[in-house]
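Enquirer: Chains F and C are the protein sequences, given in the same order.
Oh and the first sequence: position 292 is 292 in the numbering used here, straight run, nothing missing.
Here the numbering used here runs 1000 ahead of the position in the second sequence, where the first position is 1.
Source of the hints: derived by calculation from the structure; they are not laboratory data.
Careful: at least some of the hints might be erroneous.
[Unchecked claim] List time: in silico SDA-like cross-link candidates among lysine to any residue, alpha-carbon distance up to 25 Å: (1) C:K1251 with F:E301; (2) C:K1115 with C:R1166; (3) F:K161 with F:G197; (4) C:K1217 with F:K188; (5) F:K115 with F:V218; (6) F:K199 with C:E1295; (7) F:K199 with C:L1226; (8) F:K217 with C:L1226; (9) F:K280 with C:V1187; (10) F:K280 with F:G19; (11) F:K205 with F:K115; (12) C:K1217 with F:E295; (13) C:K1161 with C:H1183; (14) F:K217 with C:M1300; (15) C:K1199 with F:I155; (16) F:K205 with C:H1138; (17) C:K1188 with F:L294; (18) C:K1115 with C:H1183; (19) F:K115 with F:A128; (20) C:K1280 with F:V218; (21) C:K1205 with C:E1228; (22) C:K1280 with C:K1217; (23) C:K1251 with C:Y1200; (24) C:K1205 with F:Y86; (25) F:K205 with C:K1205; (26) C:K1188 with F:L88; (27) C:K1280 with F:S185; (28) C:K1249 with C:L1137; (29) F:K188 with C:G1019; (30) C:K1139 with C:R1166; (31) F:K85 with F:I155; (32) F:K199 with F:V187; (33) F:K217 with C:K1139; (34) C:K1251 with C:S1285.
Protein chains: 2
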Amino acid sequence: MSLLVLGTVAFDSIETPFGKAERIIGGAGTYICWSATQFNNQVNLVSVIGDDFPQEELNKLQQRGVSLEGLELRKGEKSFYWSGKYHLDMNSRDTLVTELNVLANFSPVLPDIYKTPEVLLLGNFAPAIQLQVLDQLHKRPRLVAMDTMNFWMDIAMDDLKKVLERVDILIINDEEARQLSSHHSLVKAARIIRSMGPKYLVIKKGEHGALLFYEEKVFFVPALPLEEVFDPTGAGDTFAGGFIGFLSKTKDFSYDNMKRALVYGSVMASFCVEDFGPTKLTQISHADVYNRTLEFLSMMEVSLEEIR
Amino acid sequence: MSLLVLGTVAFDSIETPFGKAERIIGGAGTYICWSATQFNNQVNLVSVIGDDFPQEELNKLQQRGVSLEGLELRKGEKSFYWSGKYHLDMNSRDTLVTELNVLANFSPVLPDIYKTPEVLLLGNFAPAIQLQVLDQLHKRPRLVAMDTMNFWMDIAMDDLKKVLERVDILIINDEEARQLSSHHSLVKAARIIRSMGPKYLVIKKGEHGALLFYEEKVFFVPALPLEEVFDPTGAGDTFAGGFIGFLSKTKDFSYDNMKRALVYGSVMASFCVEDFGPTKLTQISHADVYNRTLEFLSMMEVSLEEIR
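Isolated chain F (complex conformation) (with noise of 0.2 Å):
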């Protein structure tokens, strides 16, 4: 099933208490093809780079099943750069430098061929440029996720509201659920959330896991507890493309596979965190991700057969 994603495609510089890595490959919708593409041959992504951007990084990513036609190249321009470094907790970061470069006038052009999507991933973008993105579909598709941030609630929060009321699941982290709805409590914002357009809510916790809203239901997946964590650039995005190559694989948008979904973008996370940029993602082979699966349940199977 056609799956397009919007996202990054971008230069990063990381430091954490492991190490440097400069300039190496890096972007939203980088992190969410390599993930998506372990269920999910068929995706299209629409975004822009400069003429800076390694050839070979692109081929990689045609071998693996991702569509470029929808990646503007930009000659004499440089791609989007950004450089963070991690504090001692892993959980919190400064940025140092963000250069937009190709994204400070960026309007996505969809080619033909990317306007009927039966999934959509809106990756973390400017809410104008995901509205862009929606407005050139020839239909609806069955199924729209978004991810964003509170960068975007601080300076665009009416487009963002404009996005919201047209996706079916939002995924954020927990900061960005409070800041969105203004509560603390996740069930009261998730309710508040939910009001304002998706039905599902998919809130991410870092090394606390993730949560899955809809209705009044709740479904919780934990996150992996790793010797280390390399580097958790990306495992956001890498979680969302996971979550939504699942889907858009077996096309099945019921409860019940959303909940499997959970469990597959938290295993693809695990794999993001163990090494610098996406570096991982591109070696893990399907076995890698079957055996990490079975970790995962066994840290959440429980028999209670004296209240069943």
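Model the placement of chain C on the given structure of chain F, informed by the hints.
Expert: Below, chain C alone, put in the same frame as chain F:
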């Protein structure tokens, strides 16, 4: 199966964003007993109070099945008193007042009938006091669990290590696990702490749930997302009480049963935070516990047929 509990019986004054409660009933031992007796009505409590503690509250505990023969009453002295104020996020708090009173020179003397418990829970107390309890037992209990806090790591680490060598299960929070092991990764922390004595390590993470580490296995139970966390005081002790109450009742100390106990600990803690002090714990029925447990299971259950 007889359960021996060491824990404070005290007064608390609590301020949360939802209100204030002055000199209400508190103390780790109180919360543990109210929670454990939901499962096991053969609990022996060892603790100390002043003559300011209301007889009516003691009667309620006795009616639940708690023996108070080991509860020392010091005439002319005051009970332990703690006062604290929670921050808006309810995850952190400031201690305003700590009056040790009867705790200042407490030296527990176990009644003979307390000296052969099959299960022992050493609630948060000075490690020297925990050792005094262990030393008075006629034989080692089948299961010994222990709670402690960073305060004792700061001022009584040598004694704390002596207790650790004699326990099967340590129950602490994530911050304490990191301090005790000097490692940020909980996987590494668990390995180091388990090398200090306890075969099982339970790490409480408040609103983020709890982890059980055993050998190279890990099991996770979420916390119930709540509309309101009214007062988190005693939630950790309530968790420990439910955990050990269930284990001592079922007399099954396997890993699979520890996982069940973790769920029941979390179930009990989810009630505790719904009102000031142990109020809610005194009101809930078996049916309430049953229904809440079903809610927990619905949060954790996922079927991944294609992988099994």
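Enquirer: Please go over all the hints and tell whether each is borne out by the structure.
Expert: Here is what the structure says about each hint:
1. For a cut-off of 25 Å, the pair hint linking K1251 (chain C) to E301 (chain F) stands: about 21 Å separates their Cα positions.
2. Restraint check: the Cα-Cα separation between K1115 (chain C) and R1166 (chain C) comes to about 16 Å, which is no more than 25 Å; the hinted pair holds.
3. For the hint pairing K161 (chain F) with G197 (chain F), the CA-to-CA distance comes to about 8 Å; that is within 25 Å, so the pair holds.
4. For the hint pairing K1217 (chain C) with K188 (chain F), the CA-to-CA distance comes to about 34 Å; that exceeds 25 Å, so the pair is violated.
5. At roughly 33 Å between alpha-carbon atoms, K115 (chain F) and V218 (chain F) are farther apart than 25 Å, so this suggested pair is violated.
6. For the hint linking K199 (chain F) to E1295 (chain C), the alpha-carbon distance of about 20 Å falls within 25 Å, and the restraint holds.
7. For the hint pairing K199 (chain F) with L1226 (chain C), the CA-to-CA distance comes to about 20 Å; that is within 25 Å, so the pair holds.
8. Distance restraint check for K217 (chain F) and L1226 (chain C): the Cα-Cα separation of roughly 12 Å lies within the 25 Å cut-off, and the hinted pair is therefore satisfied.
9. With a C-alpha separation of about 20 Å, the suggested pairing of K280 (chain F) with V1187 (chain C) holds against the 25 Å cut-off.
10. Proposed proximity of K280 (chain F) and G19 (chain F) is supported: the alpha carbons are some 16 Å apart, at most 25 Å.
11. Note on K205 (chain F) and K115 (chain F): the hinted pairing is violated, with a Cα-Cα distance of about 33 Å set against a maximum of 25 Å.
12. The suggested pairing of K1217 (chain C) with E295 (chain F) holds, with an alpha-carbon distance near 9 Å, which does not exceed 25 Å.
13. A distance of roughly 17 Å separates the Cα atoms of K1161 (chain C) and H1183 (chain C); the hinted pair therefore holds under the 25 Å criterion.
14. Between K217 (chain F) and M1300 (chain C), the direct Cα distance comes to roughly 11 Å. Compliance with the 25 Å bound is thereby established for this hinted pair.
15. For the suggested pair K1199 (chain C) and I155 (chain F), the alpha carbons sit about 51 Å apart, so the restraint of at most 25 Å is broken.
16. As the CA atoms of K205 (chain F) and H1138 (chain C) are separated by approximately 47 Å, the hinted pair breaks the 25 Å bound.
17. For the given pair, K1188 (chain C) sits about 21 Å from L294 (chain F) by alpha-carbon distance, which is consistent with the 25 Å threshold.
18. In summary, the hint linking K1115 (chain C) to H1183 (chain C) is not supported, as the alpha carbons are separated by about 37 Å, beyond the 25 Å threshold.
19. A threshold of 25 Å between alpha carbons decides the hint, and for K115 (chain F) with A128 (chain F) the separation of about 18 Å falls inside it, so the pair holds.
20. Proximity of K1280 (chain C) to V218 (chain F) is assessed by CA-CA distance (about 23 Å); at most 25 Å being required, the pair is judged to hold.
21. The suggested pairing of K1205 (chain C) with E1228 (chain C) holds, with an alpha-carbon distance near 17 Å, which does not exceed 25 Å.
22. Straight-line distance between C-alpha atoms of K1280 (chain C) and K1217 (chain C) comes to about 34 Å, which puts the hinted pair past the 25 Å bound.
23. Under the criterion of a C-alpha separation no larger than 25 Å, the hint pairing K1251 (chain C) with Y1200 (chain C) is consistent with the structure, at around 16 Å.
24. Between K1205 (chain C) and Y86 (chain F) the alpha-carbon distance is near 22 Å, which keeps this suggested pair within the 25 Å criterion.
25. Using a Cα cut-off of 25 Å, the hinted pair K205 (chain F) and K1205 (chain C) holds, with the two alpha carbons roughly 13 Å apart.
26. The straight-line distance between the Cα atoms of K1188 (chain C) and L88 (chain F) is roughly 16 Å, inside the 25 Å bound, and the hint therefore holds.
27. At roughly 20 Å between alpha-carbon atoms, K1280 (chain C) and S185 (chain F) fall within 25 Å of each other, so this suggested pair holds.
28. The suggested pairing of K1249 (chain C) with L1137 (chain C) holds, with an alpha-carbon distance near 20 Å, which does not exceed 25 Å.
29. For the hint pairing K188 (chain F) with G1019 (chain C), the CA-to-CA distance comes to about 19 Å; that is within 25 Å, so the pair holds.
30. Taking the CA atoms of K1139 (chain C) and R1166 (chain C), the gap is near 12 Å; set against the 25 Å cutoff, the hint holds.
31. Taking the CA atoms of K85 (chain F) and I155 (chain F), the gap is about 24 Å. The hint holds against a cut of 25 Å.
32. For the given pair, K199 (chain F) sits about 14 Å from V187 (chain F) by alpha-carbon distance, which is consistent with the 25 Å threshold.
33. Straight-line distance between C-alpha atoms of K217 (chain F) and K1139 (chain C) comes to about 48 Å, which puts the hinted pair past the 25 Å bound.
34. For the proposed pair K1251 (chain C) and S1285 (chain C), the alpha carbon gap of about 22 Å is at most 25 Å, so the pair holds.
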